[in-house]
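Taken in order, these protein sequences are the chains called P and L. Residues 1 to 101, numbered by this note's numbering, are exactly what the first sequence covers, in order. Residues 1001 to 1163, numbered by this note's numbering, are exactly what the second sequence covers, in order.
Heads up, a few of these hints could be off.
Selected chain P positions facing chain L (Cβ under 8 Å, derived; list incomplete) [as the list claims (entries may be wrong)]:
1. Leu-4
2. Gly-11
3. Phe-65
4. Asn-87
Computed footprint of chain L on chain P, listed as stretches where at least three residues anywhere in the stretch have a Cβ under 8 Å from a Cβ of chain L [as the list claims (entries may be wrong)]:
5. 21-32
6. 36-44
7. 48-55
8. 75-81
Keep in mind that the hints were calculated from the coordinates and are not lab data. Just so it is clear, CB atoms sit at the ideal spot from N, CA and C, and this is done for glycine as well.
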Amino acid sequence: MTLLHYLTVSGILFVIGLFGALTRRNTIGILMSIELMFNAANLNLIAFNRFLYPERLDGNVITLFIIGVAAAEAVVGLALVVTIYRNLNTIYSEDFNLLKG
Amino acid sequence: MEHIVFYSLSSVALISALGVVLMRNVLHCALMLGLSLMAVAGLFGSLGADFLFAGQIVVYVTGVAVLVLFVVMLAGRESELNSPQTNDKWPLALVIGAITFGGFWRFFGAYADTYATTDAEPTTRGIGILLLSDYALPFELISLILIAALIGAIHFSRVEESQ
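All chains, full assembly: derive it from the sequences and hints.
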């Protein structure tokens, strides 16, 4: 397995997540697509760490930080989704138009 | 053997990621997200990152994916199953995705014959040493961010007392 294989998988995963974040109407779907993009970035970091600098572990540590930040982001994002659903009774992003003139 | 592991894990990861993006029922999307995250954890394992393999399963599959499932059940409605779940700008999104991947591909081509030269070694000890030496400050900041996220989530999701 070359580095190219892993980079290709993570690139496709990122593009799938990007497509989902741009096209989903459902706010929970958008959050899930963002999680996919986080995972693609993590896979990239670990692949570069393993293939180019196998004697160091910096990529692993930074990936650990990204997992922590992603968990915090998911918690706050989902709490916001629940609050918006309670107030507006919808989770579709095109209905969030309170600030529209 | 290495090829079988890589191709099966990456096909599971990519197909279930497509399921997350394209499926109509949000509950199925959330289950597919769990499967995709698990396959990515397997890819971490095949790259020799044993600590992150465990961390991915613990934090993502049993934390984030289960949390998403809870929110789907709290904020979902039956009528959603009959309405389309994507907006009408999807051809534009497809073009943006293709351009992004084209940009990636130009950069990836340079690594077509980079092979792993050493065997994978256990990483847990090294990660622990790095976390308490070079990365001590980011490590503390992450704990601050997690506390802030916890308080923020409680603040946003609490129910106001009615007067």
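Checked hints:
1. Leu-4: holds (5 Å)
2. Gly-11: With Cβ-Cβ at 4 Å, under 8 Å, it holds.
3. Phe-65: With a minimum Cβ separation of about 6 Å from chain L (threshold 8 Å), the hint on Phe-65/P holds.
4. Asn-87: violated (11 Å)
5. 21-32: Holds, because 9 residues of the stretch 21-32 of chain P bring their Cβ atoms closer than 8 Å to Cβ atoms of chain L.
6. 36-44: This one holds; 4 residues, not fewer than the three required, reach chain L with a Cβ under 8 Å.
7. 48-55: Three-residue rule met by the stretch 48-55 of chain P, so holds; n is 6.
8. 75-81: holds (count 6)
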